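Trainee: Could you put the whole structure together from the sequences, leaning on the hints where they help?
Okay, here's what each chain looks like letter by letter:
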Amino acid sequence: MPANLACVVDAVRARTPLVHCLMATVSMGIVADGLLAAGARPMMTETQAEAPTMDALADALLINLGTLSTDAMAGIPPTVDSARAAGRPWVLDPTAVGVAPVRTQLARELGTRSPVVVRGNASEVVALAGAGAGGRGADARHGVREALAAARWLARRNGCVVSISGDVDLVTNGNRVVGVHSGHPLLARVTGTGCLLGGLVAACCAVAPPFEAALAASAWLGAAGERAAATASGPGSFKTALIDALDTLTAADIAAVRCEEE
Amino acid sequence: MPANLACVVDAVRARTPLVHCLMATVSMGIVADGLLAAGARPMMTETQAEAPTMDALADALLINLGTLSTDAMAGIPPTVDSARAAGRPWVLDPTAVGVAPVRTQLARELGTRSPVVVRGNASEVVALAGAGAGGRGADARHGVREALAAARWLARRNGCVVSISGDVDLVTNGNRVVGVHSGHPLLARVTGTGCLLGGLVAACCAVAPPFEAALAASAWLGAAGERAAATASGPGSFKTALIDALDTLTAADIAAVRCEEE
Amino acid sequence: MPANLACVVDAVRARTPLVHCLMATVSMGIVADGLLAAGARPMMTETQAEAPTMDALADALLINLGTLSTDAMAGIPPTVDSARAAGRPWVLDPTAVGVAPVRTQLARELGTRSPVVVRGNASEVVALAGAGAGGRGADARHGVREALAAARWLARRNGCVVSISGDVDLVTNGNRVVGVHSGHPLLARVTGTGCLLGGLVAACCAVAPPFEAALAASAWLGAAGERAAATASGPGSFKTALIDALDTLTAADIAAVRCEEE
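Residue numbers (this note's numbering), protein chains in the order written: chain A, 1 to 262; chain B, 1 to 262; chain C, 1 to 262.
If you want the footprint, here are the derived chain A segments under chain B, 3+ residues with CB under 8 Å:
| # | segment |
| --- | --- |
| 1 | 21–28 |
| 2 | 92–102 |
Counterexamples of contact, computed for chain C against chain B with all Cβ distances above 12 Å:
| # | residue |
| --- | --- |
| 3 | P2 |
| 4 | W153 |
| 5 | N173 |
| 6 | R189 |
| 7 | F211 |
| 8 | E260 |
It is worth saying that the hints were derived from the structure and are not from the lab. Model, not experiment: these values are computed from the prediction. All residues carry an ideal CB built from backbone N, CA and C; glycine is no exception.
Mentor: Here it is, written out as structure tokens:
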């Protein structure tokens with residue numbers, strides 16, 4: 001990865017962006033702890049009564065459809081509007097889009113409201129583009145490269161960056177496609193690591209342009225997963241070591257991650 | 001434990017069942033991480049707007065009354081109906097039944113809707129059967145054997161298996177009673193280990209008959225607790241090691257757990 | 001710290017108080033696990049339908065404004081009334097007061113309903129007293145000593161103890177001010193450690209007068225943070241070791257914490 005990209009990591013640590021997250025209840029803990037370990041700061045209010053107001057304090061916004069509570073269903077649209085009106089970057093993680101009409105309609109509608117990055121697994125990206133019926137829960141049934149056409153189409157139509165998570169993470173702005181070659185299978189054995197990637201993307205978007213932010217976040221989490229796997233005895237100790245690694249990895253460590261134009 | 005019972009563990013890992021959990025907010029993280037470590041996959045949507053629809057993707061359903069949010073209160077009944085209509089196994093964990101009228105009424109009503117397994121501590125089983133006033137929060141005031149008559153009665157009336165958690169776990173179908181002799185006191189020093197047992201029961205019900213599923217799940221968590229306690233320095237490191245052990249224990253390890261007809 | 005104060009720790013372990021927590025969703029896990037490690041027991045129901053009723057089982061109540069769900073917004077006032085009517089001690093953690101009108105109004109209203117302890121960071125204490133515009137999310141922009149005048153004023157007006165968390169924790173009843181000199185910077189790198197302090201204060205209030213309870217809780221968490229930092233490799237392993245230390249620290253360890261009248 002080019003050194004200037006890896007320096008996004010240093011910028012997050014220097015500026016400690018406040019990342020407002022409306023997200024899956026089950027993943028709140030790992031995303032908040034992961035953001036703090038990375039050097040950012042989390043805020044997780046989701047109600048219509050407070051989230052649009054409190055978003056004004058934030059440096060970036062993450063909308064993750066996750067468990068999609070009634071509070072979040074009502075709070076997400078005005079919070080996105082609040083961020084857009086103020087020019088704050090916001091990231092869409094269309095969790096499980098395609099598996100229930102409520103979230104599919106909401107995700108597609110949100111996709112047109114100028115997220116700077118859409119991050120999902122291959123099935124979610126395909127479903128968001130309307131080209132498929134989606135995955136099973138938060139799982140991906142499609143391979144990453146099978147979703148590339150859908151990702152390009154979404155990126156061009158919405159003027160955003162799309163990041164497809166998988167064995168390789170592919171990031172595209174509709175024209176360029178860059179693959180980030182890092183990570184470890186244990187990342188899929190811990191709840192919320194995909195949500196955490198969305199949080200890191202949002203944190204990086206507070207300090208860097210969206211394309212660079214998406215690449216840096218993928219490399220950061222992927223390298224942390226590799227480092228954690230080197231000492232882990234199973235998914236429990238891996239999760240603990242992953243949070244440690246988000247803190248201890250240096251920009252030079254991130255720069256060692258292989259990134260290639262496709 | 002008979003080797004064929006212990007092989008339920010291998011079946012979960014081979015088939016990676018999707019377990020839909022409507023449950024205590026505070027326990028979502030450990031249940032999701034525990035299911036992933038065991039080889040199953042969690043899904044945790046609870047709203048009336050989505051849970052009944054998304055349940056169609058699942059292989060088994062866990063209803064845990066837990067913190068019983070307004071969303072869950074509305075979402076649980078139609079989700080149970082969705083599972084029943086499709087013939088999917090569902091497990092009832094009547095958390096803290098008996099301590100507030102809302103959950104007591106809901107739990108008793110759900111008990112008549114054909115759960116394949118009811119899992120609770122002794123006080124919960126007694127309260128669900130209407131024979132007592134329940135415990136304190138998620139604690140048990142009754143001993144396991146004091147709840148056996150209530151468990152047998154529930155099992156016969158509802159045509160289900162009842163699993164009573166405690167120092168020994170007792171599993172009954174109304175006739176047979178089998179005790180699973182495993183576990184460790186540190187399991188009670190970590191939030192949500194009882195909820196996790198319910199999740200493992202549901203995962204096992206996706207691949208085995210309910211009686212065998214309940215036994216295998218108790219042995220799996222109990223053996224994991226013993227292994228984790230061997231290296232833990234306190235409840236924090238125990239929790240981490242417990243998740244690791246759910247992953248690393250083999251069917252042969254589970255088969256070494258003592259199970260005895262009572 | 002005087003040995004009799006440190007013995008509050010032994011009293012919590014002997015009496016295992018049930019602490020009812022209405023609080024930030026993101027922090028539920030660490031607060032529940034921390035309370036269990038300390039020897040207390042958590043209960044986390046927040047709905048208006050159940051929380052006021054179930055509070056009758058508890059020995060102390062923690063109200064943490066946290067993510068302030070719609071359920072909690074409706075459930076908090078009647079639950080506080082239930083605790084007050086029965087003479088149970090309750091602790092107010094006015095998270096992020098000052099940053100949104102909904103929570104600011106609620107926090108100030110609750111402040112007049114006789115909490116035995118108010119615990120917050122400096123910015124929250126200042127905002128609760130109406131003397132400032134609050135912090136950013138759960139962060140503190142004020143130094144601890146800058147909030148002391150506001151804390152004294154709150155303590156005198158409401159007849160309560162106010163505990164200001166920071167590099168030194170200052171505890172005042174409006175007249176006396178005692179500083180607790182313990183803790184570690186890694187405590188701020190893990191989500192919910194401030195919420196956990198609120199939980200420990202509530203647990204200690206179940207077995208000791210509020211001033212002593214607030215001091216003992218600060219020393220307990222601070223000493224646990226120091227012990228955890230001695231072995232941690234980053235924020236992930238620190239969190240695990242922190243939970244362990246809440247369990248393994250003795251009253252003599254807590255007594256070694258420096259406490260000084262200011």
